[in-house]
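Enquirer: In case you want the letters, here they are:
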Amino acid sequence: MKSGLKSEVFEKFVKISSGIMNPLTSDWRNKGGRIMGYTCSFVPEELFIAAGMLPFRIRGTGSRNSDMADDYFESANICSMIRHTFNNVLTGEYDFIDGAVIGGGCDGNRHILDNWLKSPVKTPFLDRIFIPHASNELAAEYFLNQLSGLKVRMEEHFGVTITNEKLWDAIKLCNEIRDFQREIYTLRISDNPPITGAETISVIVAGSSMPKEEYRDDLKVLLSELQSVKVSEKKYQARVMIVGPGHDDSSMCDIVEDLGGLVVNDLTCFGGKVIFGSIKEDGPDPLKAIADYQVLTRPFCPKNLGAHPLINKEVFDKIKEFKVDGVMGQIFLCCDTWGGEIYILNKELREAGIPMLRIEREYTADSTGQLRTRVQAFIETISGGAL
Amino acid sequence: MTVFDAYILKIAEYVEDMRAQGRRIAVFNVPASVKQLKEGLPVRVGPNANPGIILREDTYVELGNPEVGSCAFILFTDKPELVNDGRITVIGPDIKDSDNKSLPFGQVLLMGGTELGGREHEELKYLGFVGDQIEGYMVRSYTRSIWSRVSKDAAAKGFCLESLGRALMSIYKSGNTKIESMEALFVTSGRGDIKELDDIATQVQKITREIVRETWKIRGYDIDCANDCSSCSDKPVCDDIREVLRAKEKNEQKGEESYNV
Amino acid sequence: MQANKALFGLTLDPQNASPGPFVLGNGDFFIEIPVAYGCSYSDLTLTGANGTAMPNAAELIDKGIETGVESRMCNAIKVACYYLEAGLIRKPDLIITSNSCCDAMDTLGNLMNGYKPWADIPKFKMDAPHSFDEESYRYFGIQLRQAITFMEDVLGKKMDWEHLREVCLLSNKQDQLLLEFQELKKAVPCAANPDFSRLGFAYDRWTGERVSFEITNWLEQLVSATEERVKAGQGIEGVNEKVRFLWQDLAGSWPPGLLWARLQKELGAICIMDYMSYGTLTPIDLSSDEAMFTSFGKRFLLEDPMNRQALHTTDLFCSDILQIVKDFKCDAVIMPAHIGHRDTNSRLKIVRDLCREKGIPCLVLGIDIWDKRYMTPEVAFDRIATFFQSTGLI
Numbered sequence: 002m003k004s005g006l007k008s009e010v011f012e013k014f015v016k017i018s019s020g021i022m023n024p025l026t027s028d029w030r031n032k033g034g035r036i037m038g039y040t041c042s043f044v045p046e047e048l049f050i051a052a053g054m055l056p057f058r059i060r061g062t063g064s065r066n067s068d069m070a071d072d073y074f075e076s077a078n079i080c081s082m083i084r085h086t087f088n089n090v091l092t093g094e095y096d097f098i099d100g101a102v103i104g105g106g107c108d109g110n111r112h113i114l115d116n117w118l119k120s121p122v123k124t125p126f127l128d129r130i131f132i133p134h135a136s137n138e139l140a141a142e143y144f145l146n147q148l149s150g151l152k153v154r155m156e157e158h159f160g161v162t163i164t165n166e167k168l169w170d171a172i173k174l175c176n177e178i179r180d181f182q183r184e185i186y187t188l189r190i191s192d193n194p195p196i197t198g199a200e201t202i203s204v205i206v207a208g209s210s211m212p213k214e215e216y217r218d219d220l221k222v223l224l225s226e227l228q229s230v231k232v233s234e235k236k237y238q239a240r241v242m243i244v245g246p247g248h249d250d251s252s253m254c255d256i257v258e259d260l261g262g263l264v265v266n267d268l269t270c271f272g273g274k275v276i277f278g279s280i281k282e283d284g285p286d287p288l289k290a291i292a293d294y295q296v297l298t299r300p301f302c303p304k305n306l307g308a309h310p311l312i313n314k315e316v317f318d319k320i321k322e323f324k325v326d327g328v329m330g331q332i333f334l335c336c337d338t339w340g341g342e343i344y345i346l347n348k349e350l351r352e353a354g355i356p357m358l359r360i361e362r363e364y365t366a367d368s369t370g371q372l373r374t375r376v377q378a379f380i381e382t383i384s385g386g387a388l
Numbered sequence: 608m609t610v611f612d613a614y615i616l617k618i619a620e621y622v623e624d625m626r627a628q629g630r631r632i633a634v635f636n637v638p639a640s641v642k643q644l645k646e647g648l649p650v651r652v653g654p655n656a657n658p659g660i661i662l663r664e665d666t667y668v669e670l671g672n673p674e675v676g677s678c679a680f681i682l683f684t685d686k687p688e689l690v691n692d693g694r695i696t697v698i699g700p701d702i703k704d705s706d707n708k709s710l711p712f713g714q715v716l717l718m719g720g721t722e723l724g725g726r727e728h729e730e731l732k733y734l735g736f737v738g739d740q741i742e743g744y745m746v747r748s749y750t751r752s753i754w755s756r757v758s759k760d761a762a763a764k765g766f767c768l769e770s771l772g773r774a775l776m777s778i779y780k781s782g783n784t785k786i787e788s789m790e791a792l793f794v795t796s797g798r799g800d801i802k803e804l805d806d807i808a809t810q811v812q813k814i815t816r817e818i819v820r821e822t823w824k825i826r827g828y829d830i831d832c833a834n835d836c837s838s839c840s841d842k843p844v845c846d847d848i849r850e851v852l853r854a855k856e857k858n859e860q861k862g863e864e865s866y867n868v
Numbered sequence: 088m089q090a091n092k093a094l095f096g097l098t099l100d101p102q103n104a105s106p107g108p109f110v111l112g113n114g115d116f117f118i119e120i121p122v123a124y125g126c127s128y129s130d131l132t133l134t135g136a137n138g139t140a141m142p143n144a145a146e147l148i149d150k151g152i153e154t155g156v157e158s159r160m161c162n163a164i165k166v167a168c169y170y171l172e173a174g175l176i177r178k179p180d181l182i183i184t185s186n187s188c189c190d191a192m193d194t195l196g197n198l199m200n201g202y203k204p205w206a207d208i209p210k211f212k213m214d215a216p217h218s219f220d221e222e223s224y225r226y227f228g229i230q231l232r233q234a235i236t237f238m239e240d241v242l243g244k245k246m247d248w249e250h251l252r253e254v255c256l257l258s259n260k261q262d263q264l265l266l267e268f269q270e271l272k273k274a275v276p277c278a279a280n281p282d283f284s285r286l287g288f289a290y291d292r293w294t295g296e297r298v299s300f301e302i303t304n305w306l307e308q309l310v311s312a313t314e315e316r317v318k319a320g321q322g323i324e325g326v327n328e329k330v331r332f333l334w335q336d337l338a339g340s341w342p343p344g345l346l347w348a349r350l351q352k353e354l355g356a357i358c359i360m361d362y363m364s365y366g367t368l369t370p371i372d373l374s375s376d377e378a379m380f381t382s383f384g385k386r387f388l389l390e391d392p393m394n395r396q397a398l399h400t401t402d403l404f405c406s407d408i409l410q411i412v413k414d415f416k417c418d419a420v421i422m423p424a425h426i427g428h429r430d431t432n433s434r435l436k437i438v439r440d441l442c443r444e445k446g447i448p449c450l451v452l453g454i455d456i457w458d459k460r461y462m463t464p465e466v467a468f469d470r471i472a473t474f475f476q477s478t479g480l481i
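Quick note, the sequences are listed as chains V, X and D, same order.
For the record, in the first sequence the residue sitting at position 272 is 273 according to the numbering used here, with numbers rising by one throughout.
For the record, in the second sequence the residue sitting at position 11 is 618 according to the numbering used here, with numbers rising by one throughout.
For the record, in the third sequence the residue sitting at position 150 is 237 according to the numbering used here, with numbers rising by one throughout.
In isolation and in its complexed conformation, chain V is listed as follows:
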């Protein structure tokens, strides 16, 4: 399903999000700009922006098989998102980056760095920070020390100085972007949203793959365009929320929306998690503000033992606010962390009388036939009738 949105900005976002390298990134590079790749939303883009770099979130987009990565990560045991992402690294898709910081979340993700170092891919700067597993002041302080260490190493390697002023500017920029992104999400509360879930993914993912100031300006334009769109006809049968890892492409949304559902919200690693809240823009230490945001305000990863109550609250709040009819909990095979989280959520939602469909799948949208059947049945159920 498409919303029928006609927008140059939107088309630009679609092109950027559907591949890896794009003209804007290429242009940045050609003008001598540096690019820092990163995995995981816990890795703060603000630090890279303050270093004058373009933050580029590493994805598995476009990867059709993971043969090369399967030599490093055993295919029956490691989630396909990690393998496809690393496969893109091995096939040279990320040869344009000047460095990468791996956010050490789950066991597989943590070892992307070790395997990258062993691979023939010669990325000049490779580093790692570890995601906190608790959400308290002590953990925030520990995370702050990690960020401080990373900052020093970046300054040494790239010969830059990351000042507090630059960090505050970067924080402000990213907060602005998150504000606009949330506003776009908010438009989907209406009965006839001007943008679909699949289209929203393109908007959000594009933001992690292009220069930030330009992205902010484009978002503003898009928002204005969306706000002026009038959708009179209801084109869907059920309103769905997606919860789970990844979600860096629209394949799941496409399936739902092709079958008469509409994805009105999500809490995923590339979507709802990324846009949540804002970093405090006052205080003496911008790095501390970032650390506090990641650990205390936005600890949505189920790897964090304190995350579930926040995940639960966010899901239930959004179900109410966005008038969600049913939730789809998607897990990639071999993802223990989200497997447990979706399991717990499933019970809680069932108790609250909210339908949930639990889907275990591979990162690439294979077996879509099977998936489609299950999704179709779910949509029929929650819409209360045949499509």
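To be clear, the hints were calculated from the coordinates, so they are not data collected in a lab.
Everything hinted at is true.
Distance windows between CB atoms, simulated:
#1 V/V153 <-> X/K732: 23 to 31 angstroms
#2 D/G125 <-> V/K348: 33 to 41 angstroms
#3 V/K123 <-> X/D612: 23 to 31 angstroms
#4 V/G284 <-> X/V634: 51 to 59 angstroms
Glycine included, every Cβ here is placed at the ideal spot set by N, Cα and C.
Dock chains X and D against chain V, hints included.
Expert: Relative to the frame of chain V, chains X and D by itself:
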């Protein structure tokens, strides 16, 4: 490889500092060549020189029990002139002066060679797992620090820290021909002195981690064997071997001499 | 084995409950703390693992799969999830969870913290960092200190610090004996039954029962008896030792009895070392409170198996393999590549390449160490035998 140069100088400063504090310091200057290093040693050095293990009751002295203090690391440089080839420095009591006690133990091995670089780090570290190569001296399986035992027999034969230094030098120099100069420092004077050495070790460890990462980066990889049997290109060969072996076993059980494959 | 049974019974059978508060964790904790506090401590992961050793293991594993947590998760954790969800676990007085040492255990921790019937049970969550440096040891040590305060608040009883020191001293003494026993395994032939060291280290970190004078005496006798065997040049009873291999993972429930035993008997192949048996324990530093907790942190993060192997970087993992092979004269490395073991399965190529470089024969199996139906003991034996034969080890 110059990253350790500053620390090689720090070790020299440490020794002078110990001297200034009145520590007992003995300095030995031993030959450079592997052959000469082994000559006159009271114990054998080489593969299988210490085939057994040294039991508690056979121990003359224990060095570096973590309860009393232990520290060990290596430093290397591509400037051989920074390292005093053949020098063995002992700060504190030697083995014969130990009164059968357990001594704190610090061991620093310095190596110089124009071709020594980051790639050699892992190999040099691996050489340090001396295993059974020094008669009467057993290094316990431990990481980062050294925890070892000297047997009564070895002590009776005159094994001392100079012997240990010579033995280690011969093992390292014969294990890696890029080592042009080598020096050893042993510290047994006290836990506090070991702690000071450990502070240097902590800084060195940060650098060695970086070296390890860089070394992995330089390596390539080859896909000639997948990670489990089902996708391995050699699986048919393995399967054939297995069939042959099964057939052989069966025939042997039947008492037949020949078989067809 | 009695301690194993006791631990299992502790969690599942209230009648086996020892007096004193019952603390339940998702993984290991710093066992000296509950022992000094007079609490019993149990680890739900271990309970699940022990379940896979029961006669009805297949049924339990299938029930674990039916819980629907994640289909390729480690089966020990799935069984633990089943026990939890089926209401079979004795209600604890306190819950202490951490993310160590793997994703599946972390998930179990989340399930425990979210388990509705236990909503009223006080819970404490700890963050085990993946770094091994002084800062991380201190960070974790602070959390252990906070855990004590938490226990004091909940149980209304102050920690007897003197008694904690006594327990730590006893722990240090037992660790010295365990390490001594480990050294004896270097002898060729190996005089020490590797099962003892594996179980010894397991009890060391998991059971409160081992922190007792009886166990200390038992360890002393074990070491002395093994020393006699070493002096006499004796190997393991009934085994003609030909191959010594490193099993670089947990032992699991069925491999020791059904696979290793057969390898020993029929091929003279001894599992000289596995994950759990490799101890690098430094004594707990009791010189000051801060030193004590920092050394607790170091012990937990860097020295306890399997935190040492699972939490940290691959260079540490590989360095250990090389050291074990050299120190214990291993002829080969076997990577079980256990199904559900994410961190090991992310490093297989690195380990394979390293072994190839060093000329160490290495076999990657791909088994389930808790469910022998995935790859039967016969098939596993067959593969290992072929590997030994094709590499000329037998």
